[in-house]
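**Q** Going down the list, the sequences are from chains V and F. Here our numbering is used: position 201 in the first sequence is 201, and no number is missing along the way. Position in the second sequence (first residue = 1) + 257 = our numbering.
Rather than coming from a laboratory, the hints here were simulated on the basis of the structure. If you're wondering where the values come from, they're calculated on a predicted model, not measured in any experiment. Mixed in with the good hints, there may be bad ones.
[Claimed, not checked] Rough simulated footprint, nothing fancy, chain F against chain V, three-plus residues with beta-carbon under 8 Å:
| no. | segment |
| --- | --- |
| 1 | 150–157 |
| 2 | 228–234 |
[Claimed, not checked] Covered stretches of chain V, as calculated for chain F (at least 3 residues, CB under 8 Å):
| no. | segment |
| --- | --- |
| 3 | 52–66 |
| 4 | 83–89 |
Backbone N, C-alpha and C define an ideal beta-carbon position, used for all residues, glycine too.
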Amino acid sequence: MIVRLLLLLAFLAVPGTTFAQSAVPKLVPDVSQRDINIQSRFTGAELLLFGAIIYPRGVVPEGQIDVVVLLRGPTRPLIVREKQQIAGIWINAESIDFRSAPTYYAIASSRPLEKIIDARTAAIYELGLNRLQLSPTGEIDAKELRRFRSGLVDLNQRDGLYLEAPNSVNVTDQVLYRARLTIPSSVPEGRYVAETLLIRDGRVIVADDGVTVTVSKTGFERFITILSQRYSLIYGMFAVFISLLLGWMAGLAFAKF
Amino acid sequence: MDIYLPIAGLSVDIFVIILLGAAVGMLSGMFGVGGGFLTTPLLIFYGIPPVVAAASASTQVTGTSVSGVIAHMKRGGVDFRMGAVLVAGGLLGTLFGALLFRVLEALGQIDTVINILYVVMLGGIGGVMMRESLTAVLAKRAGRPIPASKRRHHPLVANLPWRWRFYRSGLYISPLAPLILGFITGIMTMLLGVGGGFIMVPAMLYILGMSANVVVGTSLFQILFVTMSSTIVHSLTTKAVDIVLAVFLLIGSVTGAQIGARLAQRMQPEYLRLFLAGIVVLVAIRMALGLGWRPDEIYTLQLL
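Throw the hints in and build the complete structure from the sequences for me.
**A** Structure representation (structure tokens):
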């Protein structure tokens, strides 16, 4: 990683390289870990998303630039249910189906989002937890949708699955940037896409979503998951066998006392 | 020490799980109940998804009841004929329970139904037990003989047609009665992850009128088979049995059960029953309050 950064710096130092030909800057993003393996001691992970901005002819432009880094997990359809008090008991009353809610969504920016980008652009690029495209099904009025959306976001935020971190992308000399994102142990398996956006004067100058991170169970955890999904009967019998064995063994072990 | 549960999909502290198992195991060793009625709510409280908690708790109950069944079998405390009828009812119950589980889950009411069932059952049974054991304790203190409970089956049971003889239970009743009882506990096992001992034992005593020395053994016998079946049905339908969770619960509970069984021998049975009744009533009150209080989470998510 450090070697790669140094190489990038070397490139930047030499004007007139091939990168310098285009008019827009180029992003060279990377991530500290491309594969996250879930094994028995997995308690979550911390990812460093970093990279460099390569400007045309190596000239760093005047004025402030901002960097937004986001990491998105696979999307899933889900139902959000809302409890209401009916006859003194809190029970699930209303619900909304969302066709594509991200299972994980983390966004980090160099300054608060509302200060660096206008609402329309933010909506187009799906920046910020209140702008997630969730594709609700059926006819739902806007107020109700907002309520359920904030319920979903709030729940996932407290579980660490959704996070918004303003001021947490460090930009060095307008050239290098890095951001740290945490992943809780309850993340699902799948392909996570890291997106980097370079923003100036409220507009996205360049965006890159070429970096992916794969989260997958390995070893024993993978074996157990596959067994339980595909060979359910064997798995169930195995579970019964183990519990019988442990119970019987404990009986034997304590028989002498 | 943290460990990742592959089916629940999150990491937990294994010492918490083992301790939880040990505490529940001790109670089950002392009272001859499976202890599932405590495991499931405690696991949910700890953050395990409810379905995984119920499924894995039933796996744990299997392990906890094995040594009890063996011990009771050795001293002739199992009525196998009665046990077989109860198991048959229980197996039908788990299958029906699986269907019910699916319907309730689709409606989004599974959690509420589970909570209400807990409150009604634990509250009802705990209340009856409390009254009965209080009378016994008070009678003992006053030096009076404990009022002998009359062993007679419920009139409804007597009216059922087609009678069988159950020698060890000392009964001549229709097999439909234990079949229905088994069926109901089978549903409970599937929905709540409980073995059903705490329903079964009083029902055997006060509804069927079985002779007391085969009640606990036969109930454990039924629990063993029905929880085995519910583990397998859960594996096939909800796919929510977390074997890692079950193993750590078992490590705690099988040990706890042995210790509990030895402790029970040194305690007076009246106080033991009063103690169990107290725990059951407390759990029921806690869950009843939970229904009426504004919950911490108004919104819940269900992946499709």
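**Q** Each of the hints needs a verdict: does it hold here or not?
**A** Now for the hints, and whether the structure bears them out:
1. Counting residues of the segment 150–157 of chain V whose beta-carbon sits less than 8 Å from any beta-carbon of chain F gives 5, enough to reach three: the coverage restraint holds.
2. Closer than 8 Å: that is the beta-carbon criterion, and the segment 228–234 of chain V has 4 residues meeting it against chain F, so the requirement of 3 holds.
3. Counting residues of the segment 52–66 of chain V whose beta carbon lies closer than 8 Å to any beta carbon of chain F gives 0, which falls below the threshold of three, so the coverage claim is violated.
4. Counting residues of the segment 83–89 of chain V whose CB falls under 8 Å from any CB of chain F gives 4; the rule of at least 3 is met.
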